[in-house]
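Each chain sits in its own coordinate frame; assemble them with the hints.
Residue numbers (the working numbering), protein chains in the order written: chain Z, 2 to 1036; chain B, 155 to 691.
If you are wondering where the hints come from, they were derived from the structure by calculation, not from laboratory data.
Since the structure is predicted, the reported quantities are computational estimates derived from the model, not experimental observations.
Every residue, glycine too, gets a C-beta built ideally from N, C-alpha and C.
Do not take every clue at face value.
What the hints assert, rightly or not - Distance windows between CB atoms, simulated:
1. 575(Z) x 454(B): 42 to 50 Å
2. 396(B) x 512(Z): 31 to 39 Å
3. 454(B) x 570(Z): 40 to 48 Å
4. 46(Z) x 174(B): 29 to 37 Å
5. 284(Z) x 583(B): 17 to 25 Å
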Amino acid sequence: MLLSASALWAQTVQITGTVTSAEDGMPVIGASVVIKGTTVGTATDIEGKYTLTVPQNASTLVFSFIGLKDKEVEIAGRTVINEVLESDALTLDEIVVTGLGVATDRRKVAISVESVSEEQLTRVPSNSVDGALVGRIAGAQIQSTSGQPGQQANIILRGINTLNTTQPMILIDGIEINTSNNDIGVGNVSSRLADLDLSNIERVEVVQGAAAATIYGAQGANGVIQIFTKRGRKGQKTDIRFNSNFSFNNALRGNLKFANYHHYATDAEGYIVDDLGVRSAPDPNTGFWNLPAHGSGANIVNNKPFVNKTYNHMDQYFVENAATIRNSLNITGATENIDYSLGFSQLSQESVVHGDLNRYNITANVGSEIFKNFTIRSSTQLITSENTTGGINNVNNIGSGIASALNIPCYVDLTWEDANGHPAVIYDATSNSINPFYSYMYRDDQANVNRVIQGIVANYKIGKHIDIDYKYGIDHYRYDYTSFIKNQTGTPFPGYGITPINGEITKTSVQETQQNSILSAVAKFDFQQDFSINLPIQSTTQIAYDWRRNDFHEMEAVGSGIDIDPPHTLNFAATTTATEDITKFITFGYLVNQKFDYGNMGGFSVGFRSDYSSEFGEGSKPFTFPRADAYFRLTEVMDTDYLYELKLRAAYGEAGIQPEAYSRLITLTSGTLGNATYMYLPAISRNPLLSVENTKEFEVGLDYGVNLSNSNWFSKIYGSLVYWTRNSYGTIYEIDVAPSTGAAGLLTNAIDLKSNGIQLSLDLDVVNTNSFDWKFGTRFSKGLTMVDRIANGLPIILGMGGEGQTSIIEGEPVGALFGLEPLSSLDQTNSSGDRYIDEADLANYEVVEGMVVDINTKQVQFTTEQVKIGDATPKFSMSFFNDFKLKKNLSVSMQLDWVHGAQAYNQTRQWLYRDKLHSDFDKEVTINGETGAYVAFWQSLYKTNMTNSYFVEDASFLRLRNLSVSYDISKHINSSFVKGFIITVSGQNLFTLSNYSGLDPEATGTSLNNPLERGIDLWSFPNMRTISFGLNLNF
Amino acid sequence: MKKIIVFIGLSIALLACKKESLELINPNEPGMESLTTEDGIRKASYGIYNSLSAVQSTSSWYYYIWFTQWIHNVMGDATVSHVGNYGIRWANQTAQIIRPDGSTVTPPVGGKQHEELNNRNTRDWGSDNVQAHEWFPAYSLIGHCNVLLDVIDDVNFKGYEDIVSVKKKTYMAWSYWWKGFAYSRLGSIYKQGVINNTYGEQASYVSQEELINEAERNFKSAIELLNTIDEGDATYLQIMSNLIPSHFQTGNGGVITPSMFIRNINTYLARNILVNKYAADLTAAELTEVENYSNNGVTQGDLIFTVRSAASNCLVYETAWSGYRLNLAWERVSERLIQDFRPGDNRLTRNFYEGTLQVNPGQRGFQYSTRWLAQSVDDGGEFMSYTAGAVEIPLACSYEENQLMLAEVKIRRGEVDAGLAHIDNVRTYQNAGLTDLSGAGLTQEEALEELRSERRVGLFMKNVAFYDARRWGVLKPLSQGGGRQDAIVVFEGGVPEVCTIEYDYKEWFDVPANETDFNALPASSASSANPSNIPIY
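Bound-form chain B, shown alone (with noise of 0.2 Å):
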């Protein structure tokens, strides 16, 4: 009895240490072998939004789609951030308001914004480095997209082979389009990046102009792969629906046809090539490069790629993105927005109302100042909802963009009126219940001037105003022709006063200092990224 009751004692003991229970298995995420399924190429290249939506690196998070857009924003001037988080103040810093006695207004805290900014480029500023948001993302992203490249020819599609081809074609067009989108965002902030096609691995740096070109010829190999799909082919319809996000699947988004996709990588062109240069130095052939492309671009009635915020599972967090915050302290709409809009036009009223005075918020400038509240979904506006899902943003290019940029191929080209009717569609479109522009008699400088508005309030959360205030020279210094003489500033009991503001902000990014610790730039062009040299103001 004794010996027995021990000896099974001693066996309980030993019989759990067996070596085969070491075997190791993660049971709550696949192995990389599973990218070889149809189900996991679906599940990785459905993965792209991760990037997208929240890249985390070691000590920091980076959301695309809500710092960019709130980033580029401000830097825009078509809304206004006095808050300190994720260094955004110093996004739109601007460098000096002259008031119309004359008199200046700087800054209460710190210097230029080019200079705040290259303060913070370095890794101890964590999210704070406003030059590092998009850098994060675009190369999730693409490091993404290459895996996805990489294991194509590996994965084992079911079914016949021109059925198994549509498959491939369809995925590998998926990968294509995200790599040359995320080549293009870096290409038209970035001076210089890295062109890199293999996950894991290190490149040197390329030109700006290079990104742009390398964000082209993955465009053109998307397009490529779509020419030979046909419109309605069953197998690509399927596989688009799984891959555009179910909530994203109403108003402009949806599943995109084989001739949509590449209609809205043709804008994207365009506007790739439109954006990246001062407007004054388009040369002709760019010009009807922009043409050519935008002809085949975005239509009415295309579905496009769109962004909506949901209760939960969302590709941006409810709560966090421009169209969630744009009335609550982090993000307002700029006065010098609202001024933008033509008299008597509906998208004013619709959007806009003045609500809550803010004047020199925290007092840390006037050019924060606003009257301007945007209204919500739930009572007719468009960008600014607490409801999920309400709000839509493009997350490429759009219709109008599209058009607008056919407008100002064409006045810039000296057919006004031609490109005034562009401007009319997207008026139109918008249900802005102005009078046709096309046929009054404008000069092609007053039709240029009602491109720049069009272009600020038909574009408005459209991705396109940042962009825009760098190629007319906004962000330029006042020596050098830059900033912007009629801008509308609140001061002290709410007053405007018509004013000009010198913004003087970065047109170009620095690589940031996340990438250069570990992969250094080139000699030459390091002394711009040396924050150490710059004094304090």
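In isolation and in its complexed conformation, chain Z is listed as follows (with noise of 0.2 Å):
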């Protein structure tokens, strides 16, 4: 009907104008002007100017450009019409890049993309990327797992399609970097996407599946984060930003509790004492307890109160108050054909421990136009750190601080000191577990990061309808890691300590050099325009090679035997080794993506990625994934004034992850013994037949946007959802073989796994007047990923005592956790369905607590086969933001996180059931008529370390994320100098509402990024309780 309209048209006037921003006054480029109620108009040129040739009888004009307000003008007869457009940044009208690989308006996109502001980022003072994101992205679970220095959070973007490593691939304005993490210490590790600094981010997009990766190929299942970097704007004011944030973190200490009650031996005054009756004491030169007396059988209650003086080991462990001191400069402007902006940060961090991380940053994007439509783009960043809080804190009580600090009777004193000021290196002599200040003594750990990344773009315009960008990035880092354990032959405890007690250094260092080259093309043409045919079609055609290279070199040396006295260094050590280790990989491909647009009510696109990989060597063949997508704009068609946005979308894709470098390639490992080197088959064997794990995904969406009303009252809602489902098919895994083939196992594609869940954002304007403003926003999260099969149909067994999830299972989640159940009635039968307890014992049995007890020996009894006892998935988890202003000046924000339905291991809980240190052993029950607190019940829930249901717990939490409060002072300050003056006083982890037993619900999982050691508390480290103040000056 509209296209009709138009052959009624007869006579033309021409109106010329300039279009500017109300911000700065800078022209918009690219702003659409259209005559209202017709699909005629133009955009406007570099410069802001525009032309357009209009019927007579045209009587409005409407002007629009992403990210502000449209706006509707009478001609009333003129020719020229200057416009000003005024900002609108909470509409959905705004550019996404990151699984498009062209810029567009988010209005004509079929696929998800998350963006995040830099407003937004910079809300909760963080110290990396990962960290501000938690809670911020819809339909993604991230968990801040540990709160050491330098660890980066746990990163699941929906659901899981390779058991791996769930870390999506990061960009930085196109460019991919390494997203590696290198040990620091067993457990800890050192996070090359926590070196990236916040202050230079302007935005991040996240795209979470396949649906949305396809464009990044055989490496992109697992999603991708895009970080764009702050850039200066053509004709901009020099703008000059300092922040400065000092905050005060302590350790988050949850629910855990200890017995204040007692079972050993005494004396007649109440001391405690040993087998022989000596009362138990520490050895005044060893620090060695002669061990209280526990007694035996079944009737030894935990009820005596302590008379020997106690301590609490987590108010000697935890530093209060550790200091994090972070600083940035940023720089942005131009010049007429340069713009710029640069960027210095410095973080000084403590940990809540020992240690500490200082890391520098300095960051420069610069770009010019060297002749006209060729624009060149250099960024940079490099970052130096370092890390000297590893390799204290992992996962078992041996060399974990946390383990050894919790793990200890309440009558031991951490910090006892013997005559000269030693430590002891532990309580126990027959134990191997290390005193944690014993620890910090005798050993030293430094990680040192130093990284350069520096991307270069070249973008060319041919005419208006070719665009031909180049971008190159290299990303180099170099990690040198000592770990250092002294020599302690010279301690007063001759034999213990920190093995080997005569001292050793490992020096590993790493290489990593990643570069990413990328060609693209992009041709967008308008029929209208461009082909004269009267149809609102614009056209893009993308095509793209891209090439990748990955080269990584890692070194490491042993030095054994150091002496007491400096210098410590391998020249000095008794006994040297050296290995290395060489990854080269290489992959290219082409995409070829065709996108048709209709006006602006709806589109589609198809295309394709085609990968080649030094994986698969040259002779291979491609893989190809394919993808499409299709949205319809209803409110294009809907003559309504409430909706102002409703847009079905529909994607589906498939994207790959390759196998590990030279995992098909069948070659003999080599090992050293004593002096010489030998070669063996891998007890794993690899696998020339190795694919590449492909996923496939699909995902509809609803994007919606409400007026509710005229009033400052709950104006606008918006927000969008959607519904994805994904299958991974051949997901990499070790299977087990017969062990006599000689052969323990089989590296192949044995999994297939099943994904889907629900995303949901919601954005609401509360209030919005001139004196008062509060906005808030909720996103939600539900996923699951399900085993759909196993190549041999049999379970895959991951292992016992220290991982909880123990087994991958056709027709269970993945992050099930399975092991023992206690019996929980008298005649329950096994899975042949014979009984646990035979119909002629059953006197000797009852049920205490919901649990089978043996009421002779007092002992909980368990089934004799594993079962599944818990899942780590959370049901849901959802995100809660509001935002006040008051009077510009103030305001306010906060952050609530709820994670519900998510089931923890709490193994920290099982291992102090080990040695009846935790506070449920002052718990009493009643056994066949008689009531106490009896050891032997609590212990025998111990079972060994054995992975069992009674330590399974509800790890759900609603936590206070953020709370912040900044003022603007800048007002109060009359000079047209400083622009703005802020000064924020904020708190992290204020709060937490949990039931969970343990430390911290959200320091679950043993393993960064590792989807099956997920939901895990063995002595994991927990986060901080942060209160933060900050001053931000804006000149």
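See below:
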């Protein structure tokens, strides 16, 4: 109908003008100028100018631009119409890039792309990008599993599709960077993602699954996080921002409680005594205790108050008010042809136990239009850091400070020192656990990172249709880690200490270089303007060629037998050995994608990505991943003022993950014994038939925006709702084979996974007046991944005693916990239908606290077969945001995170049952009519550290992630020089509501980004409660 | 200018994408073809130690030297372990202790040893399945040797024909020896096993006896080859010096000559006959066979296969084996070992002392109670040290074991004094400081008791504690005449009592589920491995 109208137009008038932005007065490039009620229009040029021929009967022009408010203007006979457009930060109108390859108006995007603005990122004072994203991304599960400096959050974007790591691809301004995590002691990592500084980040975009990540091909299946750095805008005045933040950190202690009573033998005065009746006390020379006699039999009860002095080891172990200082200076601006953004930042973060992290970042982003339509941009990040917190905070109770601090009885003084001020190695001479303060004295860990990330972007626009873009990036880091165990032969406790007692220096040097080269060409045509076809169709064709190369080189030298006296170098080690590991990976491929948009109403695109890889050799065929998507904006056909956005969209895509380097080659592994090397066939056979893991995703979404009212209250609500489903085929994992063949396992495309989930985001303008502004937002995520198929149909065993997941089983979720269960009824049978308790023996058992107990031994009875006992996957997680602004000076923002239905295996608690230290031992139970805090009952639940359902707990929590109050005092300073002067006070993790009995329900997971080691609290390092004071100056 | 810049950019972008750049080579590891060079076969032959060091399955690690020594120690009640790690506490869970007053002490947790071990014989118990610990390393070793024997004809040895021949024979003898060793270990603990001569292939089950026969076949193949090599052959000695790790070439370890190698094998052949049946059931013919092998077995001064730790690049982790852990909570010297020392035995005072009292540790049972600690090598002991390399244990057989086999044959045959002379040899060799037994007028029964105690004491940490406990019938239930009547057990307050211990341990292990899940047992034998029929105690 609209089209036929054009035939009626006869006489025309030419209108010209300039469109500028109200915010900075700068010309708006590419703004749309359309005759109202038609699709006839044009776009402003590079100087913000436009020329439009309109029929004489046209009355109104509509000016619009992404991020700016639409404006309707009466022509009223004018031929020159200059317009100023105001900023409209809170509409859906913005540009997204990630997953599309072409900057696209969000209204015309069919896939889910979550973006987080600088303002949102910096609201929570965070030291890293991943930390700032917690709770912000609907659909994702981003979980901070350790409070130690330099650690990275666990990131799961839309379910699990590979079992190696869930780490997504990370891009900076379109270029892939390293996302490695280097070991910093066992169980701790030094994260390359955590290297990046937040102060120069303008925006982060996240695409979560294959439907969006297809364009990244055989590497993109875990999703993509793209970081956009700040850059100057042409003509912009110099903007200087200085930010300083000081915070105090204290470890969260949750609900962890220790027993107040004991059951040991005592003397007449009530002091604890050993088996020979001698009072237990530390030997003044060694600190070793003569251990208390704990007696034997079923009737011992934990009911004696301590006469001995007792100590709170958490008070003794955790440093109070560990300080973090962050300072950054960012200068952004532009001259005629050159724009620039320079950043300098410094972070100094103390661990709440030992050591600190110091990091310096220098960033520069400089662009220049060298000749018309040809621009070159260079972005640089220089990073240097030193982390001395590693090595002592891991998942076992020998090397881990937190484990040995918590896992000793309260009558032992953790800070005990001998007459010379030397800490004890441990209180129990038969234990190989190490007192943390002893570790601090005899162990030094130092990790240094030096890193350069350099990107070059050249962009050439040929005419108005073709845009050729070339990007090259190189990310090189060097990671030097020294783990130094001092010679302890001179300590007061010969033979005891951190092994090897005579000292060892391990120096690890990693050099990794990631290169990425992308050539892309985008051709855009408008059928009306370019082909004079009277249809409002825009065509976007994208062709890209992408090459990536990773070079990894690790050298490790171990020097054993170190002198007590310095210098402590490898040169002075009694024996030194060295090993190295070299990995090279090259992949290249091309992408073809074609998109058609019909005005603003709808559109679709189809394309594919095809990849070659060095994992498959030069003779291999490429792997091809197709994609397609479509959207339809119902708002364009609905005549409503209430609904300003209602878009239905759907997308399908495939992406992959390649096998690890060289895992398809049958090679011999080398080892060293004595002074010679040897070769052997690895017990897990390599598999030349390994293929790329393939994930296929389909998502359907609804984007909405509703004008609720014209009043100041509840004016607008907007957001999106997405349902996604994905299948991963041939996920690579090791499966068992009969050991008698000579091999113990085979690495193969073993597992198919099936996931689905829902993500929802909602933002609401609650109040919007001149003096008060309140915005509310929420993000919702729900997703579950099931094991659909295992190649040989048999369970895959992960391990016992420390890994609560224990198995991967067909038909069960990834992340399910398997283990034994206490018998719950006297007639319970096993899977073969046999009774656990013979009918003849029934009189010896009864059910206590829901568990079958032997009334003679008072011990809880267990099944002998492993069953599913829990699941680490939350039923859903949600975040709530409230942002208030009073009189434009005072801002209050808060973020509340809610994780519901996740279960955790509290193995820390289980360990505390071993030595009867947990507060549960004070609890009385009634067995066979007698009541008491029976030690035998409680300790039987320990079950020799076997994973069992008793220690599965609900780890749901509601956490006040952030509460911050800012006040801008620049209004009170009459200076034209100072544009902003904001003082912020904020608190992170101020409260947590949870029934979880450990330190921190969020800090569960023994291995970063390992989907199979989630929800396990094994001496997990808790997050911090932080109080921050910030100062933000803007000139 | 503009076009040039654009062109250069395009060229750089496209140049990188040559398919040749995808050529795949692992710079860290050699391919299978490397086995056919002389260096390659040397390194791969040296690689047999990897199977003994640490075999990593998909879910667990299996440390042969540490785990098997440990399990055999505790199941032979030479040491005790109450720790749950690797399921070890269940391996020495005694059925009951009968105190002098007639009261019985049963395990505070769990049931009898064989039930606890069977309950854990499923894959999901990982390395807590005690019955899997010896299976993985042994078959890894066999698989590795199968590959070595498979490629030996393709190896491009350098030198004249006779030198090439010695090289080939030496490497083949090496592989046959280790296959014989592995089948011996398997056949001495598992009821059934698999004989597999091709890497990667799956075979069906055979009996324990057939495993021992396969061990003998391999041992004899090795002897046959070694017989053709001159004692001082420089090529052989050069190869052997590369195959025995440098830090083992001290004490009783070193470059074993062809004749020593044969004697080591003969002692093992004797052991295989002796330890795999009840002592009472040994036939005269078997005794003669044992005697014949032992007469040609390890002599005093012969070098044997040994293990020592090292600060790095070691077969055992420096701190993870009995030689390090004997005094830690992990493994402690058993009261029942100490009580087997004769009064005045220097070896007791040299090697053990009363130290930190361990009573009913972790409330897991009194069988784990002990007063004893091992004296460090640094202080004149032999079995324990925190210093790398200080402790030596035999990997296979020893001179002492060979002597005591001769003693046993002779005493059982009635040649009591001749037999006791071999016990005296051992005591003298180990500097026990005891008076000679030979000629002291001992009865056969008394001599056998001396033999029993001497094997406990003289062969401590020499791989036979469990075999001996089994063949003497100690592991059988009391009702079948098993157990130990005069066992010292320490109770509260460190008070020792003379008790009766009923061990009732598994005498033979079942095939681990790690195998049976993929290589099903014949239906007739499957029932014994089914753990689900056993009720909880």
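Now for the hints, and whether the structure bears them out:
no.	hint	verdict
1	575(Z) x 454(B): 42 to 50 Å	violated, 33 Å
2	396(B) x 512(Z): 31 to 39 Å	holds, 34 Å
3	454(B) x 570(Z): 40 to 48 Å	holds, 46 Å
4	46(Z) x 174(B): 29 to 37 Å	violated, 46 Å
5	284(Z) x 583(B): 17 to 25 Å	violated, 39 Å
Going down the numbered hints, you'll see the structure goes against 1, 4 and 5, while the others check out.
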